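S.K.: Protein chains in written order, with this note's numbering: chain A, 205 to 310; chain B, 17 to 556.
No lab work stands behind these hints: they were computed from the structure.
Please note: incorrect hints may appear among the correct ones.
Take a look, some chain A residues computed to stay more than 12 Å from chain B by CB distance [claimed, not checked]:
#1 PHE210
#2 VAL214
#3 PRO259
Residues from chain B that keep clear of chain A, each with C-beta distances beyond 10 Å, as calculated [as the list claims (entries may be wrong)]:
#4 LEU185
#5 PRO222
#6 VAL230
#7 ARG238
#8 MET248
#9 GLU272
#10 ILE279
#11 ILE351
#12 LEU521
#13 ILE540
#14 ALA545
A short, non-exhaustive set of chain A residues, derived as facing chain B with CB atoms under 10 Å [unchecked claim]:
#15 VAL209
#16 PRO212
#17 LEU213
#18 ILE221
#19 VAL223
#20 LEU228
#21 ILE236
#22 LEU239
#23 MET242
#24 ILE253
#25 VAL261
#26 PRO265
#27 SER278
#28 ILE293
Because the structure is a prediction, the values reported are computed rather than measured.
Here a beta-carbon is modelled for each residue, glycine too, at the ideal position from N, C-alpha and C.
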Amino acid sequence: MADFVFLPLVSMGVFTIGVYALILDTDLLRKIMALNFMASSVFLLLISISSRSQPAVDAIPHGFILVAIVIMVSLTALALMLARRIYQITGQLYLLEDENETGEPL
Amino acid sequence: MMDSPLWVTSMIMLPLIGAILIFIFGRYSERVLVPLVIIAMSISLWKLFLQVWTNGVQSYPIANWSIPLGVELYVDGLSIAMLIMTFIISVFVSLYAFKYFSWFQEQTNWSVPIPDKNTKALGQTKNNKENQIVIIEATESLPSNYVETVTVTTKRDPQAFPKGQANFLFWPLWLLLWSGLNALFLSSNLFSFYVTLEILTLASVPMIVLNNTVLALNAAMRYLFIAVFASMVYLLAIAFLYGVVGSLDIQSLALELRSGATIWMAIFLIFIALTIKSGILPFWLTSTIANAPIPVAILLVALVIKAAFYILLRVWFEVFPNEILGLVSQLVGLIAAVIIIWASWQALQQRQLIRLLAYATVAQAAYVLLIFPLANGITDSWSFDAWQAGIYLSISHAFILAALFMVAGHILYIVNSDFIHAMQGVGRISPLTLITFSIAGLCLIVLPSILVNPIWQSGQWWWLIVIIIGTLLTASYIFKVLMILFTKLDDPVKHEGNLGLSMILIPLLLSILTVGMGVFEGEISRVLAMESPFGEINRN
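One chain only, chain B, in its complex shape (with noise of 0.2 Å):
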């Protein structure tokens, strides 16, 4: 039972206050709410901490429904620790984001691609004050769809947005993200995962939008139809595990269930419908992040695809019966590293900042579900070493991803442009700017190693070799920027204003915290030991 119910539930229930009263208050409400919003959950969630510190695991049954009726609110180590996770990176981006959109306002097309060098330039940038459409004649040495693609990709909707809209609207959709995943991380029922889940993609779909070119619509479109069709084959596994066991409670589906034909056919679409939501499989986050504005893409990359993830661990660890997943989970593994090898080549192929850093999100997420044959065995102590390893791996890849999208933003706003090889001496003009790009690429490349210790002690040195082989190629992506930025140009880029201080010191305090991240590894852990599906409560 819960000491004091009002902190857990004040935890969704105060951003989604928060949401409504800016969307009810209109433009420069957020000045203040935000704010305030933030500082209230700061205190509920040091309440709520407490709370777990000094008396173990809490749940809390809504409205006094007992189990096979109601919904409880649960709270244990692991969700404490997504919950500070979510808070952190909340405060790192609302500052970013008042900074973003203030220049975000005025920019129309930083998206707007220069040509290569050694192409010759012929053509030149027309403005269109009304619509926005920005043209440039092609060169020879570019096919032909040249000019109509750019055209259409800076083409804005003159009705879509009064201006200074965009601005405001990111607040409220914001909050109610903030609000649903705070809700995901709280449940203890496979359907209100689902009903949480819509609830991310109702409030990430119109976010990416707020970018306001044909292409954020589509990415929204794409990103809408997939989510949905992610959802719903996740409701029918659902439906399978209700018609098999009667409930779906995380505590009485780990007690009923037994491994059979419905069971496997569940199992499979679990694994599919998360693997989708947290970007994994098909690929979808490339081109939905490339078109969505900064503030927008970290939160995709650090919470959404994360609060999915967090589903398929609570669901693989704590529900399925562990004597069938041996065999699959080295299926896993290879699909894994197929996916590390694949998205961390295809990121050193590209020529845009921001597509790079979206397949290095697709390969950093595909190493945490290495962690799925490295736990394999779940009685054995190496396994919650694994299991341990693959969270603090996804938190930090949380912090430095998050870092990496601020960090390209503020080159994007030094260079106005999307394309790296328009980025040479940058690390001239800010230096912070190259520190820390320089210390939250070294992070990315360093982190999968938290992996060894489990692959050592479980023996499986096979996925030694595909982190080997992730851990150059990320090296050489991360590099690949890094020499640019540390180019001495002949004629500097322009810049015009000031160089948005603020903007850049967001990132690096983000990437020093996950540095320091490594000095509480103890404290993390025994975050995460408490009530862990590995402590006492364990199902023989």
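Looking at chain A on its own, in the form it has when it is part of the complex (with noise of 0.2 Å):
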């Protein structure tokens, strides 16, 4: 029982971590790397849920995070196949500016 005040305030902390990189940091790497830190840490949340349920483990949130695991694994293939095109073209991992974001003329 004692995991459940633990695990899931490791699992708070962890995502927090991961909002406060994904959005300050501005290195494309270091940004995908975040969005799996908030991944892991709710995998870690749902873990210490079907661990509540003494002695059988409830098997649910095993298949949530399996589901979910698959799906991170694609989209960081994805956006790490993005990022190294952005850094093949122009030669930076940084997110440009949107030129005309506030309407004012080019």
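From the two separate chains plus the hints, produce the assembled complex.
M.R.: Here it is in structure tokens:
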């Protein structure tokens, strides 16, 4: 039962780190890492939920985690490929500002 | 139970199989396979509609696994309405995309801005055949980063797609998106919603890149970050809900959910995640749409953001305990009001047509949020009217915005520029374009008045002020474009080749269809009333 206090706290901490890095870091690889941090923290929370029902473990969150891992792997692959393409063309790993965001003339 | 599970499963499987086959058989196979998929989809949609119409709500447990362990496909009036909307827009977008991409293949530089009339255009355009780098030498009145921006904007990566690949790659991705949308509208489980939302992200991000510019890559990357961020927030929220209730099925959640601190947190997180996904919060929509090819922009504004709104609608009215939502819904309405006015004002400021329409989309998406305060009090009769008005508004917006973007694509085709001031005299060259834009624009102005009836019934007169201001602003930016289109020009805009008549007949048909929706309002409300959350299955 002690796990159910400790694991959710850790997972929320990791989730916060992920959000912080995703918003404030400019480097694309760090942003992609941050998304994976957020995903892993939610998986940790789901594991702690499933371990709560003793003695038998609740299997449904495990199914959720498996599906979400597959989705996260493919999304990460897509993001890495886009980042690589951006690096090939512009020579840097940052997002460009969209030029006309404020409606100002170019 | 379901009479025959064939039709409901084929709604998901047909586009998926089509996508795989097109990808296997390669170029030109889409000319046979996409019409085949559309014909097969029309048959199965009609059969499914008849099943729901005669026998009421249908549900099908996949592989006969029952609810706590398995996943159900579930069809009621709202799902079937969304499926029909998706089908109609799919047919129109497919027709349009065939025409658009055949033009798009040769086209390389329509996003090049034409300098203002009153700035002295000293520069000249050079077309480098290899990299398609377009250089406009800066005039004195332009900022110094002008040259650089233009160069980056239109620089195309020569290795990215061999000739004609963008044309072909659109189709498998689009059919995958269609399959994901249908799966989303047939889900009855919060986790299935998460999975299908991710399928939408996976399908729509590569489609944005088809534009093949650096800015499109940036927009796709930014969209991916925002979409996955929202998904993670949503996943966290459903982990909370699972921790409290022990099930994620909509019906069991509705029965067992009681208000509490964790539930409050989950509601807050789901609301944040889905408003981000539906394009209302932090305005990622504009830069994404401005850099995507027109058919992809249509799919994003007409289908993808509506899908997120559909989940919000389901969750809000069928899952959350209604006694606590009265407090929140006024706040939601306030957020919607601020966004409506802000985005409409931004739309008025834009100088590029696509960006103007993108801000208009944000404003129109926020209108639909107004039904949450209006429908507050789920047992009253007027709440059904508000709910129904919201769905009606959402569907007509999808049609109208699709039509407007199609017309915009045609105008870009004629004048070869995205800038509004360059569009003078288009009405002279192509009167049909002008007529279509006028019909669609007028529909856009008039549509929010659907909400007046629920406002009248609920007595919340303050939302009327928002609608009046929003409508005035909408009229301003629509007429701002119309005025330019109507203008007579001394030296007419040059255009080459034929004018692409089918490119303008498709949106014209779509806008007439939207006007025609008013005629069938009775039928639509009968469809929506089937097993609505306000029907007899309603939790007390």
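S.K.: All hints are to be evaluated individually against the structure, with a verdict given for each.
M.R.: A quick look at each hint next to the structure:
no. : hint   : verdict
1   : PHE210 : 15 Å, holds
2   : VAL214 : 14 Å, holds
3   : PRO259 : 17 Å, holds
4   : LEU185 : 14 Å, holds
5   : PRO222 : 7 Å, violated
6   : VAL230 : 5 Å, violated
7   : ARG238 : 6 Å, violated
8   : MET248 : 4 Å, violated
9   : GLU272 : 15 Å, holds
10  : ILE279 : 15 Å, holds
11  : ILE351 : 20 Å, holds
12  : LEU521 : 31 Å, holds
13  : ILE540 : 34 Å, holds
14  : ALA545 : 34 Å, holds
15  : VAL209 : 13 Å, violated
16  : PRO212 : 9 Å, holds
17  : LEU213 : 14 Å, violated
18  : ILE221 : 13 Å, violated
19  : VAL223 : 8 Å, holds
20  : LEU228 : 13 Å, violated
21  : ILE236 : 8 Å, holds
22  : LEU239 : 5 Å, holds
23  : MET242 : 4 Å, holds
24  : ILE253 : 5 Å, holds
25  : VAL261 : 13 Å, violated
26  : PRO265 : 7 Å, holds
27  : SER278 : 6 Å, holds
28  : ILE293 : 5 Å, holds
The structure does not agree with the numbered hints 5, 6, 7, 8, 15, 17, 18, 20 and 25 stated previously, though it agrees with the rest.
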